[in-house]
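Here the protein sequences line up with chains W and G, keeping their order. The numbering of the first sequence is the working numbering, which starts it at 2 and goes up by one. The numbering of the second sequence is the working numbering, which starts it at 2 and goes up by one.
Mixed in with the good hints there might be a few duds.
If chains are identical, the list can't say which one is meant, so a pair holds when it fits in one copy or spans any two.
Heads up, simulated DSS-like pairs for lysine-lysine below, C-alpha to C-alpha not over 25 Å straight-line [said to hold, decoys possible]: (1) K24 x K165; (2) K75 x K225; (3) K162 x K198; (4) K225 x K165; (5) K225 x K67.
None of these hints come from the bench; they were simulated from the model. Computed from a predicted structure; not experimentally measured.
There are 2 protein chains.
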Amino acid sequence: MSFEVEQLTLHEQFEQLMQSSDKIAMRDFLNDQNISDVADLINEYPDYEAQIIANMAIHRAVSVFKILDVGAQKRIIKELPSFKTAELLNELPADDRTDFLEELPKEVIRDLIKLLDPEERKVTLSLLGYPEDSVGRLMTPDYVYVYAYDTVEDVFATIRKFAKNSETIDVIYIINERGELADDLRIRDVILAAPDKRVDELLDGRVVALNVNDDQEHASQVFKMNNRVALPVTDDNNILLGIVTIDDMLWVANEEFSEDMQKIGGTEALDAPYLDIPFFTLIQKRVGWLIVLFLSEMLTATAMAYFSDEIQKAVVLAIFVPLIMSSGGNSGSQASTLIIQAMAVGEVSLADWWRVMRREVFSGITLGGILGVIGFFRICIWHLLMTHGVIQDLYGPYWLLIAFTVGFSLIGVVLWGTLSGSMLPLILKRLGADPAASSAPFVATLVDVTGLVIYFSVAYLFLRGILL
Amino acid sequence: MSFEVEQLTLHEQFEQLMQSSDKIAMRDFLNDQNISDVADLINEYPDYEAQIIANMAIHRAVSVFKILDVGAQKRIIKELPSFKTAELLNELPADDRTDFLEELPKEVIRDLIKLLDPEERKVTLSLLGYPEDSVGRLMTPDYVYVYAYDTVEDVFATIRKFAKNSETIDVIYIINERGELADDLRIRDVILAAPDKRVDELLDGRVVALNVNDDQEHASQVFKMNNRVALPVTDDNNILLGIVTIDDMLWVANEEFSEDMQKIGGTEALDAPYLDIPFFTLIQKRVGWLIVLFLSEMLTATAMAYFSDEIQKAVVLAIFVPLIMSSGGNSGSQASTLIIQAMAVGEVSLADWWRVMRREVFSGITLGGILGVIGFFRICIWHLLMTHGVIQDLYGPYWLLIAFTVGFSLIGVVLWGTLSGSMLPLILKRLGADPAASSAPFVATLVDVTGLVIYFSVAYLFLRGILL
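For reference, chain W alone in the conformation it holds in the complex (with noise of 0.2 Å):
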């Protein structure tokens, strides 16, 4: 019999015991299994989600409630009768709890706090009044910390005692009696060092501290740049107040990642997964831009009726329009992401400027004459097809020369493009607002109206008195 269990899917277990309503098989099946899949479950059978919270040891539940997302935790808190969300909150490590919290309505975070036991409830409090994206937000009061004259034996008593409450042991904190940092020490060097060794002998007057107001994307930096799995907070008198633990830094890159990519798509930040965000806020994040883009590109009509009378008397050159606006706009949209990501990363900073301007205008010759070349010969050989009755021909006796506007159009546009697209994140930098916002859609907007002034420009100068 348990042979035939074991051949069965989790899934097909999970639905057995539901329908066999057996709570202790159950709450032990579920105690089995890794909290990934159990977060699985949860998101494969929405309708159980509480149950499933509810019915598992409250360390393994909390586990798996801080990895759901913010919607499933919602319905999860809503549904569960008050004493397990009393339970499930208290037990909540606090930077996952104020991460919950700050989602919520503040009516219900109000509600919610009351459930807390006094000390937890202090703590909360204190981590809601740091900003949004700072370093406060993420961090934790639960940590093991000793004095500079305590033994190698008195740390490990120190673990024995306050370990279970610590999100990580592997690095230990040195404070004095004012509560001011002094250093830290890893597990590693306590376990290798003699019982009766005092931990000041081991300090290497090292230590990397993050500021309680400092941001979260800076705290990411901080991390990548030292081998630390966790690092400690203070504030500006060097008060330890917490540490933030690595774990927390995939999040804040992923969010990070997803806020960036969402301004570069010309959206405001979403702040909630795409299918759970309601249907009118998502309209709301997204009919800003498109308003401000379509009013701006309302100028390409009014560039357009200015040279009315141009394309009266030479329709072709309407015909080249919207190729010579696109191309502009490519190139601006893949010069400005180059740059946006460059600078997430840190790799291009407001200083690399002038690099990046002497790159992007030789990028732009390059890129724009290559385009050129296609462009002129694609008309030369259309100029074939139609002098030979293949297609109907609409270049008539210039061809030579509306070949050569579109050619020399292309890299005056091509150029254009990308050395907008390049420098438009970095005069946002400088003028304190997110390069991100320089989204593609903006960029191209930008440039076709300029794009449409080139070409005609061009045009005139090669088609007066002749054409036009």
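With chain W's structure known, arrange chain G on it following the hints.
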């Protein structure tokens, strides 16, 4: 005197020491700094980079070396005397060494591998044998393992013996006689246990392992969903081959982010920092997509040529071509980046295609409707200005029909844009391609051509027999 030195910034101290060329003072100074500060110094003073590395204690030099960017690493290896290079490479953790070597040309790899000790050489060659972007490349064989029959005291003895060389001792691995992974054990549970307890009494039978051929992106997900700072790596027969530590995941996340962004911008993945990549490689990575897009955009010229009679009859239609096209392109870019981002972080999967499609149909109609109304009124207002002689009259007596044409075209084009923008990443995924390849420029191009057809069809509907 010492007080004065403390007042100086790191950079000033460093410059003083460089001028004094007191090697011992320099070594002391460098050994006193955080590795991230030394890395900063190297970035600020590229002329001294090899000297800085050469002047540090080897285990510190290694910590600095591994967080430098590949460009600096290459230059340093070139400049260092070969005995120093050998020392550095041998000390470098196996995973960071693989990471560095894979950036170099084959001949250089061969020469450098000759510098390694036989043991390290064997490890490196085997790691280099795993596919790029696989977990194997991130793996380090330096971990602590024990057997189930060991006691807690044995575990401590093993740690004392091997901890120096292992990447982390936060997690200990339990294997059987055949080398198969049996379980893992957190150091905190070892410390909390009585010394004579056997390891198998502490085990919970739950272990999450990565397969050596797993994708690095998958590994990053597993880390996010399981509360571990290190995960064991096994082959298909469950033999423990090594471990991967969570700090590598921050670099993986960064790389995935950069690649996705670059693809969305319509560039191939650069695989190197923007400013370091040679100019012609940069052009090569960019020009491919630009040419493909340019050739596709030529279809717009074909479409425009097809409608040239209509344009000839009503030049006013040409005026709104850029506006209509770009609105489709913008809404398409927006939709595609939203979906690519949601897929990248696992919020949307192929199975959700119908939910996404439904959302985007309604979004397209709503967004298109809003832009359509704005466009409609824009033309009405301009008409008023024209009839009062403020600007030149272009629309003529049929201004209302033109306004309707533009308004309804916008609904159609925006709907088509959001729909194809959102479905394309899902279709690419279904075909086994990278969703991020449906770049903003790619979607814009796709939408441009069809946008023209929609516009002229709507125009034909409203203006047939009147203007056309």
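Hints, verified against the model:
In this homomeric assembly, K24 and K165 never come within 25 Å of each other (Cα to Cα): the closest approach is 28 Å inside a single copy and 47 Å across copies. For the homomeric pair K75 and K225, the shortest alpha-carbon distance between copies (20 Å) is at most 25 Å, but the shortest distance inside one copy (32 Å) is not. In this assembly of identical chains, K162 and K198 lie within 25 Å of each other by CA distance both inside one copy and across copies; the values are 20 Å within and 19 Å between. Proximity of K225 to K165 under the C-alpha cut-off of 25 Å is restricted to the inter-copy arrangement: shortest distance 21 Å between copies versus 27 Å within a copy.
For the identical chains of this complex, K225 and K67 are neighbours both inside a copy (24 Å) and across copies (11 Å), given an alpha-carbon limit of 25 Å.
Going through the hint list in order, the structure does not satisfy hint 1, though it satisfies all others.
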